Structures are given as structure tokens and as C-alpha cells.
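Chain by chain, the residues:
Protein chains: 4
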Amino acid sequence: MTHSIAILGASGYTGAELVRILATHPGMKIAALSGERKAGLAMAEVFAHLAHLDLPVLQRIEEIDLGRVDLAFCALPHATSQAVIADLPRDLKVVDLSADFRLRDPAAYEKWYGKPHAALDLQAEAVYGLTEFYRDKIRAARLVAGTGCNAATGQYALCPLIEAGVIDLDEIVIDLKAGVSGAGRSLKENLLHAELSEGTHPYSAGGTHRHLGEFDQEFSALAGRPVQVQFTPHLLPMNRGILATVYVRGDARAVHAVLAARYASEPFLHVLPFGAPPSTRSVRGSNFVHIGVVGDRVPGRAVVFAALDNLTKGSSGQAIQNANLMLGLEETTGLMAAPVFP
Amino acid sequence: MTHSIAILGASGYTGAELVRILATHPGMKIAALSGERKAGLAMAEVFAHLAHLDLPVLQRIEEIDLGRVDLAFCALPHATSQAVIADLPRDLKVVDLSADFRLRDPAAYEKWYGKPHAALDLQAEAVYGLTEFYRDKIRAARLVAGTGCNAATGQYALCPLIEAGVIDLDEIVIDLKAGVSGAGRSLKENLLHAELSEGTHPYSAGGTHRHLGEFDQEFSALAGRPVQVQFTPHLLPMNRGILATVYVRGDARAVHAVLAARYASEPFLHVLPFGAPPSTRSVRGSNFVHIGVVGDRVPGRAVVFAALDNLTKGSSGQAIQNANLMLGLEETTGLMAAPVFP
Amino acid sequence: MTHSIAILGASGYTGAELVRILATHPGMKIAALSGERKAGLAMAEVFAHLAHLDLPVLQRIEEIDLGRVDLAFCALPHATSQAVIADLPRDLKVVDLSADFRLRDPAAYEKWYGKPHAALDLQAEAVYGLTEFYRDKIRAARLVAGTGCNAATGQYALCPLIEAGVIDLDEIVIDLKAGVSGAGRSLKENLLHAELSEGTHPYSAGGTHRHLGEFDQEFSALAGRPVQVQFTPHLLPMNRGILATVYVRGDARAVHAVLAARYASEPFLHVLPFGAPPSTRSVRGSNFVHIGVVGDRVPGRAVVFAALDNLTKGSSGQAIQNANLMLGLEETTGLMAAPVFP
Amino acid sequence: MTHSIAILGASGYTGAELVRILATHPGMKIAALSGERKAGLAMAEVFAHLAHLDLPVLQRIEEIDLGRVDLAFCALPHATSQAVIADLPRDLKVVDLSADFRLRDPAAYEKWYGKPHAALDLQAEAVYGLTEFYRDKIRAARLVAGTGCNAATGQYALCPLIEAGVIDLDEIVIDLKAGVSGAGRSLKENLLHAELSEGTHPYSAGGTHRHLGEFDQEFSALAGRPVQVQFTPHLLPMNRGILATVYVRGDARAVHAVLAARYASEPFLHVLPFGAPPSTRSVRGSNFVHIGVVGDRVPGRAVVFAALDNLTKGSSGQAIQNANLMLGLEETTGLMAAPVFP
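Residue numbers (my numbering), protein chains in the order written: chain W, 1 to 342; chain A, 1 to 342; chain Y, 1 to 342; chain D, 1 to 342.
Read the hints as simulated data drawn from the structure, not as lab findings.
Take these hints with a grain of salt, some might be off.
[What the hints assert, rightly or not] When the alpha-carbon atoms are kept at most 27 Å apart in a straight line, the in silico BS3-like pairs for lysine-lysine are as follows:
1) D/K38 to D/K188
2) Y/K115 to Y/K188
3) A/K137 to A/K29
4) W/K137 to W/K29
5) D/K29 to D/K137
6) D/K188 to D/K115
7) W/K188 to Y/K188
8) D/K38 to A/K188
9) Y/K137 to Y/K29
10) D/K188 to D/K111
11) A/K38 to A/K188
12) W/K188 to Y/K38
13) D/K188 to A/K38
14) A/K188 to D/K188
15) Y/K188 to W/K38
16) Y/K188 to Y/K38
17) W/K115 to W/K29
18) A/K111 to A/K188
This one's a predicted model, so the numbers in the text were calculated from it and none came from an experiment.
Work the whole structure out from these sequences, hints included.
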């Protein structure tokens, strides 16, 4: 059975990535695409790489007949998303890729996003979309909140370690390297090719990045007490990919063993042999995550690395993985394409 | 029905690309992988992006039981390929990705490759692998010779025009821009990142590039008389992609009409609206070709652009497309994945 | 003696490149910098790589005391430039980097730039800034018009050949590969890193690029009759650099000999040995031009390559070279820094 | 007065960078260049970007008349360097760019480099080349050992803090991002463009990188007790540049104040305003270092960033800065060129 789906906000990179994956997904069919500023355009005019597909023209959301849609992916900007979803039919399944429903605590939302949440009931209803840790709830959910791409990467490295109690909760440093597509298709001077290529710099340093809200929420919940990590993201001259380098206190072999055991039967999470670090190139364009653990010369310290593609496993691939669960499809449907290298 | 296939020479980029595509191909299963220098290694040690797959260990060719294989892809170096294929069972279907069987004329082979051909009977038997122009012969072939990646790009722009007689055969210039993966995983100083990034330069200029042998053969056959194009390839700081900019004499609208008509029902060849040029980014990681035609301000002159991914449509994707035909599968099986952008 | 100079429009890439070169120029000192939208900012806030310099704060043009300035570089947008220069003191030496004064014929200006020229007297006065071909006039000029960066590259390959009459004037194709900094620091979706990296595409194809106005003007003047070239620029994923691949009819050895002789005593123009093509990497960040000639297998045809850095020799380096002449300084002053490789 | 210098090992990237800087250095003239495997070649054949210079042909070291040379730069591979320098005249001033004389303790050398040192007397004589911390000794030295490029970057961030006692010595993490030219012009599969572009990965993780030997030596000396940092370098798809992200315990404002005071009169070390992080792009191709300090949301923790160009300030620029001191020249001579951006 093929499910009919809509993509709201199809003119950004996560929207295009949803279309890319769904192009060969056997269980879902794109019934509608929205794009406010680009309404009326063919998708091929917005994204030339999708020109070979027979896709609906971009519409305004209100023009879409949502009664014929089984599930909507919402790839709209933060804050816009909560307003739009509040107006959708209450029985429509929704996977939201914005930040609007990631934080369960309204106060935390207001702290990190600078204004009160406008759809508190939806916020309460939403299930956090880190599939491997919320699988059962996602299967039963109506509204799933996609995680931040950086937040997902850090959590894949750390959640099992916090669960298992094998690391010091007060001494966690996440140094993150991110590709530029995570910043979206937005017109900012610092995203121009000439500004970004051939160099690197940190951004949102000092504990100001919004994905810290997710780290705080999830790590504290797992630990049963407040956990605050240090987190510094850096922008790298590559389009796709996130590498989290996580410095922890704990026995490196034990750290590796916990991760290997926890992810042994996960279809997309691959723990490398002890001592082998991952590369973002090895997961590019795919839904896979590579995780590595290296012991440090300083006894009792370890480095955990996690690499994923921010647009796929970090956003749109995760969204489809969750939608598969919500629609009763096999979780991996449409997502097993191998990474693209070189 | 799933066909059992072998990849001979799996440790290079075209070998890895075959594995990548076959990873989700419903009609073929990888039964054996060879790699002479890397025999004994797991594929994950040679290409970390394939670590999630359950693949055979790399073997020496003589260790492979070819009796259980329905088709072999041969992704070996030029010259090696003809020696290896000569030793394969004569009823084994073979798709060769090397240059060894592209030229039908032994003298032409010797001219472009510098030594006599060592398997003349196979050379006579081989069918040239430009699918859209040799489809019926490929379907019936035992041995198919994959085209050069540059050669394929130029031919997609020009073959229909030569067939239709709408351009001047003596005034054709192909200026080509190629990504670096076309040079393979070979240890050459001029392929180092520090040597290649952030710049461009021509190579094999002045009519010395070996793919001219293919242009000469195919264009002359279509024209019924000798045709010699000018051809200058350039190396660009990108991993995948070829753009051919082809300067022709002829009516631009007629040129566009011929290409649009010729490719109207081709699943992978997409002719853009008149005046719209393609980008290599729009076909990256896919089996699609984008073709554009622009008229010049000088009357009677036109520019034809063709863009494809050298590792996919230019090599391994083409090889699988041909194998699909040879095995009686739907031609597009396993090849409809959308391009990866950004 | 140190000359006092002003840079009008210092917040773009050519403005920054002027500052970069002038930072160690022994004969010029920056007395004033203008930037309309960024007035009041320190240069370090606009370009962090200039933070070590003791520079004037950005001002509005009307705030600058031009009476104390010996020469002004005008790096303003096209059309703005003519309005601003019309208001400058009539005895102030000016090197303009915009397109406003490149075309001597008002009708040609209107054709290529879409509106009538608003400062016809200045247009008549301006000297075209291709230093090696207008040196004496530049030395005596008050207003020099910097060339287009693409236009300069093509002219270095072709001007001596047209002068010498060794090529067919009706059969010239310029296929050009350009880095992205040539498009400036402008907020356009197609200049984002994620849009431009890892691929290539043509732009302004079909004889629509404005630099054709310069080619037409200069080539026709040299030939003594109308000359129309074909010209297709392509955007490449590199920040700096232009490579012109020029297809000509003529004896390749004669072509090489003419170029070698014409440029033998030029300090910045370097003709490579016959058969050796240049690379943009070999001139990056410098005022040098590398030129190569290769003969084609088709007798009577040759390919001429010219490579330069669009921001240096193609714009700001050229501007300073011209200013040196206008101020009575040694022409090469401050411009002999070697290219930056890798 | 112009000093006559030789570059031993001129065919690698640091050799080429020495030539690039010396091309416009008013106090030094290149009298001889050596390159064992490339002896007999012109430098233009080895590095096309130096083609405009009038340089000596590459020779074997034994062919060079060192009696006419005032100072030799030794840019030879590790281990080779100590053998060559041992054979040089004992009164010849030498700046060595290899790792051979960086570690004062023979046991430390053997530990990190895997074999005993073969020139213990020279090792004892050599002065560590971190100019800003060894300036007086360098001025008087005959043999100066250039630092590791990563080691320099980390030390610029940390040395003043350890000196001043404002950070916890047991809680230092250096997460480093390095461009690929640091790996040299060596034929390694993992340095190919297709392997490195569009991604990132760590290397020498877990405290195994040899530059830790320098960190241990210098930090322990400054602290007066053993100091062991954690250090993880990552390879980034950029040619030049190192960014060190250093996680420390200490008051962020105090950390910033110490760095700003310590470097206030340093010509090449630029401390950014509190809270502003640096970018490698802002120092590319130059001898400048940008340093930034950001406070973390976790009280008592700070992040220090240092960015430099590995080939310039990290190697060849540093070498020339030291040579300037050794020859009695102004320290900044030939080194004030502004960074190249974009």
C-alpha cells in the first residue's frame, strides 16, 4: 500500500532531501508540495536535480487538499511551523523538521528560542524524533518532532553512555564540525562560497547554540539529574556531514562496549572497531551513522566520534524513518541507499 | 529472480560505485569481489562507506568460482582487462569498464593505447556500451565495453545531431570540464588535494586524449565519413561530474528540437528547455544526464551542454544499465535514485 | 615619496584586495576608505583578515576630504560609479574598477548595460586599463577604466594574435572558467557555498555576457574591422582564478612565437614553453598571467590558454599597476609578491 | 645588506613557501636550492607558480658551495635532516623545519620518533623556534628548530595562560582542525582530492600525535611540573590553515586579559575582542595569528581559539622570522604581507 504524503516547505534543503529520498520510496507517494514564496513554480525550477521527477507544482498550504493526505512532513522555518501545524487537521499525522516541538518544557523553549511557544498543546503531544531512543512512542505518535542535526549527532555518541553510567556527567565536551547545508538555503553573507570555502571557524561558541536545549533535556532525562555539556560547533567547507568529537571521562574499552552493545541491532548505527575513528565522507548522502571510540594516553579518558549526514540522518532521512514507523511500514523502507563516495 | 554477479577490480572508484548501486538493486546480488593487491581484506577496510553491507571478502580472481556467477563486471585497469577477460569462461556475460574493448579497429586501438591489442577476437565480439545508441545489440551481447566517461558526455550532446545532419561536421569543438574521480584512486602527485583544489587546468590538450578514439569511431560511423572533433578536457576541483560544452555550427532551435525528439522517451536523458544550460550538481550521484542548448549571438552557431556523473552514468551506472539489459531485467532497475544535491 | 590614496567602495572584494596589496606598497598610503552601508565600521569588522592593519574607519564618500588625496580607486557597483566620479574634483586622478568607463562608444554602453551613460564627457576621457596595451595613455591619464576580469583574460590570449594577423578573425571561441569571487560579495542564492561547491555550470551563455562589449571594442580596433568572438563563461568551485581556453585557426607555432615575442619584456606576463598549458593555481593571489599554446591534431588549429587571478591581475592588481604609472612610480611597485600555492 | 641563503629540500611545500616569501624579501637572496630526487630541474618545473622568478637550478646538497652562504633553511624530511645538518659546516647558521631538533630530551625524541637521535650534540645546541617565547635565544643561536605547525598553534593559545597560572593544568583539551598541506606533497592515498574533499575525519587520535612531544616539553617547562594535554587533530578539506579549539578551566575574562597583555606588542599575534572567535581564512597566506577567547555557559570554563596558516606562521614564515633575528635583520622583514582572502 502506498501512502499519500505532503511536504510543507519543499523549497529548502530539507524539503528537497525529502523529495530525493521519496523519489524511490516504495511506500509513499508525494501528493502535494508547498512553498510560500515559490508557489506556482515547478519543483524543477527550484531544484534542477529533481527535474526528472513527475512532481506536483508548488502550492500555498491553504491550497492543498489535506483530506487526501496520510502524513505531512513539515519542513518550515522555526516558529512558522507551530502556527502552520496548529491549523492542520488534528488527525493528520505530522513529522515536523523544525525546532518547534523538540523541547518539552515551555520555559526551556522560551529560553532558547526567545519567545513563548504558541501551541502548548501540540508541544505537549509531540514525541521527540530520535528514532532509536523513542521508537515505540514514535510508532504511536501523531506528531513527531525531528531532532536538531547537531543534537542527533551528539546524542548518538552519548546517550548510551549516560544511560549506562560509564562516564563522568560533569566533564563532557562536544566539539562539533558541521557542513554548510545545515544552515539552509538562506541568503547570508557568511554562507557565500567565497566566504566559507578553504577555511573554518567556530560559531555559537560558549554554550549559546540552541541545540544545547536538546542536549540538556535528553541527557538530564537519561541521567535523572541535570547534565550540562560544553558544546562548540564549527563550520567546515563541505556541504554535508557532521562530525562530533566528544571528550569524556571513563574507561575507553567500557565506553566502546556499551555503544557496540546498545547499537548492535540498529540498522543505521554502525560502531567501528575500537580505536577506529569515522569520517563524514563514509556516510554522505545516506541514513547511516558511524561511531568510533579511541582511548586517550591520559588514563580514564576517551574520545567518542559520531559522524552522520545532516540532511539525511540528521533531518530528512530521520523524518522518513519516523514516518515509516508512524505509517506501519518497515522502518528502513527507502532508506538503505549506500553512502555516496567519493 | 536475483542474478549472481562478480566485480573484478572492486578496489577502485568504479568498483566501489558498482557496489554502491548494487547495494539496493533488487535483481542482482554480489557473489564475489576481486582486488589483487587488496585480496584478503574486507571491503569495509578498502572503502569505509560500504561498511554497513554484508559483502564477500576481496579475493584474487583465480580464487573466484565463476561457474556460479551470471555476469561479471570488470573494473580493472586498461590492458589488464583484456588479459583477464580472455581467461574468463566464454559463456560468462561480461561488462567491461576499461578502455580495452571500446575501439573496434585494432589499428585505432594501437594508435591510441600504444600497443597491439592482445585479444582481437574479444575486441571483435564486444558491443560498444553507449546504451541509448546500442540498446538492441547490448541486449544480445555477451561482452559489452563501457564507454569512456568523457566520451559518453560528448556523444550524448552530439550523436543525434550528427545522425540528423543538422550541424557542420568539420567545425565541432568539445571543451570539457571533468571532476577528479575520473582519474581513479591512483597515487599521482597531481591528484593530491593540495594540488587540485582551488584551481583548474587543462590536460591532454591538443587532440591527444584517448577518448578521441571513441569520438572518431562513433561520429564517423554515424556520419558515414571521417569526423574529427577538437577536444580539450580540463580538471576541476570537484569529485564527480563532467560538463561538456560543445560548440557547433547549425540552427540552435533545430539542434534543440533534434535532441529533444531523440531523447523524449529515454528514461535517463533529460533535455532542458531551450536556452537553459545544465549543471553537474543536478546529476551528481545519479544515472541522469542533463542536456541544454543555447543559441549564440553569431547566427548559425549554437552551444550544446551535456552534464553527467562520471562514476555513475559515465561508468558504473551505465555498466549496470547495460547489465540489466543483458540479464533481461528492466533497464532502469536499481538506477532511479535521484541526484544528491547539495 | 608616498602618495595619499582613497578607496571608494572598500567593503567589496575588489576593495579588500586593494587594501591587501596596498598594505605593503611602499609608494602609496591609504588615507580614506568609503563604504556606504558600512560607514562607521572599522575595516576589521568588514574584513577580519585586515584586522592587523591601522586603517581609517569606513566613511561616506561626502565625508572624505578628497583635497588631501592624490588618487582615488573607485570600487563601486556599476552605474553608481559614474555618478560618484562625476562629482569628484576634476583634477583628482581616478582608477575606476567598475564597468562604467570601459566602453568608448555610448551606444555600445547602452546596448550592453541597458541604459544611457550619464557621464559622457568622462566616458570620452577615460583610458582603457589593459596596462600592457595602453601603457603610455595610462601614464598620462586622469581617469583609467579597469577592464573586466574575464575581458582581460581573453585579451591577453588574443590581442597580440589579432595585431599580428596570425589567426582567422571569424573563428574564435573563448571558453572561460571563472572562480566565484568575480561575482562579488553579493547575496545571491546561486553564490551560496552549498549551491556552488562540487560542481560547475555555464552562465551568460550564447553571447550575452557584458564583457563581450570589451572584446568587440578592443578586437575590432586592433583588427581594423568588426570582430565577434564566441564566449561562454563557466562558474567553478574555486574562489580565485580565471582560465580562458581560446580556440583559434592559425599555425600553433606562429601563435606561440607571436605571444612570446610580444610579452618577452612584460614583467607580469609569462608565456610558457610551447605545448605547456597553465593552471590558475600558479597565479593565485598574484599579479602574474600565465599563457600557454598547444597545437591541435587538426592542422591549422591551436588552443591558447591564459590564466590569471581575477581579483589581482583581473581587477585590483591591475588597478594598482595603472595607478603606479599615473603617479610616476615604477610600474611593478608593490605587485611582485609571488603566487600563493598550494 | 643582502644575505645569501640556501634552501635544502626545496621541492616540498615548506620549501616552496620559503621561496615564495623570499621572492620579495629585501634582506635575503636565494643562492642555492637543493632537491635530491629533482636535482637538475628548474624550480619552475617543480612548482609552476614560481616560474617568474630567476632561481638557481635544483642541486644535490653536496654540489652546493656552502662557503658562500650565510644561512641555510633545512626543509628536509624528519630523520634525514639530522644527518644532513651534522655534515654542514659548524659555523653555518641553520634554521631547520623538520622535527629533528624540537625535543631537547633524547629520550622524548626516541619515544615520539621511534629511534635514537643520531646527532645529540646538535640536539643539545638547538634552540626551539617559537619566536615569541625564545626570541633572545634565537637571536644568538646557530641552529634553530622550527616548531610543529600544530604545536605552534596550541602553544600560542596556551603558553601565556600556563605562565600566568590562570588555568587548571590538568584539564586541557586541544581539538585541532588542520588543512591538508600540513601533510606535505607526499603520495598517500588518503591525501588524494577525491579522498579528502567534502568531508572531515580525525587522525592520530588518543594522544598519539608526535606534536604532543612538543606540548609536553614546553608546557611542563612553563609550569614547572609535568603537564599532559589531550589533543585530537582533524583533517579538513582546505589547503592551508589550522584552528585550535582549546577547552580550559579558568575565568574567561582573565584568560582573555592574560593573552591580550602578553601579545600586545607582538607584531604577528592578534588577540580579538573578548567573545570574538577567529577564522583560518583571516590569516591565510600570512604570518599572522588570530586568537580569540569565549566564556562558556558553564562558569569557570573558557574556550580559547588560535588560527594560523600552517605553511607560513606554522613553518616557513616562522623560519624566516627566526632567520631575520639570527641575521640581525628587523624581525618582521619580508613577512608583513596581508592575508589572502577570499
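Here is what the structure says about each hint:
Our distance criterion of 27 Å between C-alpha atoms is met by D/K38 and D/K188, whose separation comes to about 19 Å. At roughly 23 Å between alpha-carbon atoms, Y/K115 and Y/K188 fall within 27 Å of each other, so this suggested pair holds. With a CA separation close to 24 Å, the supplied pair A/K137 and A/K29 stays within the 27 Å bound. With a CA separation close to 24 Å, the supplied pair W/K137 and W/K29 stays within the 27 Å bound.
The hinted pair formed by D/K29 and D/K137 meets the criterion: a straight-line CA distance of about 24 Å does not exceed 27 Å. Restraint check for D/K188 and D/K115: satisfied, since their Cα atoms lie roughly 23 Å apart, inside the 27 Å limit. A hinted pair counts as satisfied when its Cα atoms are at most 27 Å apart, and W/K188 with Y/K188 qualifies at roughly 9 Å. Between the alpha carbons of D/K38 and A/K188 the distance comes to roughly 16 Å, so the proposed pair stays at or under 27 Å and holds.
Taking the CA atoms of Y/K137 and Y/K29, the gap is near 24 Å; set against the 27 Å cutoff, the hint holds. The straight-line distance between the Cα atoms of D/K188 and D/K111 is roughly 25 Å, inside the 27 Å bound, and the hint therefore holds. Taken as a hint, the A/K38 and A/K188 pair is honoured in the structure, with Cα atoms around 19 Å apart against an allowance of 27 Å. The hinted pair formed by W/K188 and Y/K38 meets the criterion: a straight-line CA distance of about 16 Å does not exceed 27 Å.
For a cut-off of 27 Å, the pair hint linking D/K188 to A/K38 stands: about 16 Å separates their Cα positions. In summary, the hint linking A/K188 to D/K188 is supported, as the alpha carbons are separated by about 9 Å, within the 27 Å threshold. Proximity of Y/K188 to W/K38 is assessed by CA-CA distance (about 16 Å); at most 27 Å being required, the pair is judged to hold. The suggested pairing of Y/K188 with Y/K38 holds, with an alpha-carbon distance near 19 Å, which does not exceed 27 Å.
With a C-alpha separation of about 36 Å, the suggested pair W/K115 and W/K29 falls outside the 27 Å cut-off, and the hint is violated. For the given pair, A/K111 sits about 25 Å from A/K188 by alpha-carbon distance, which is consistent with the 27 Å threshold.
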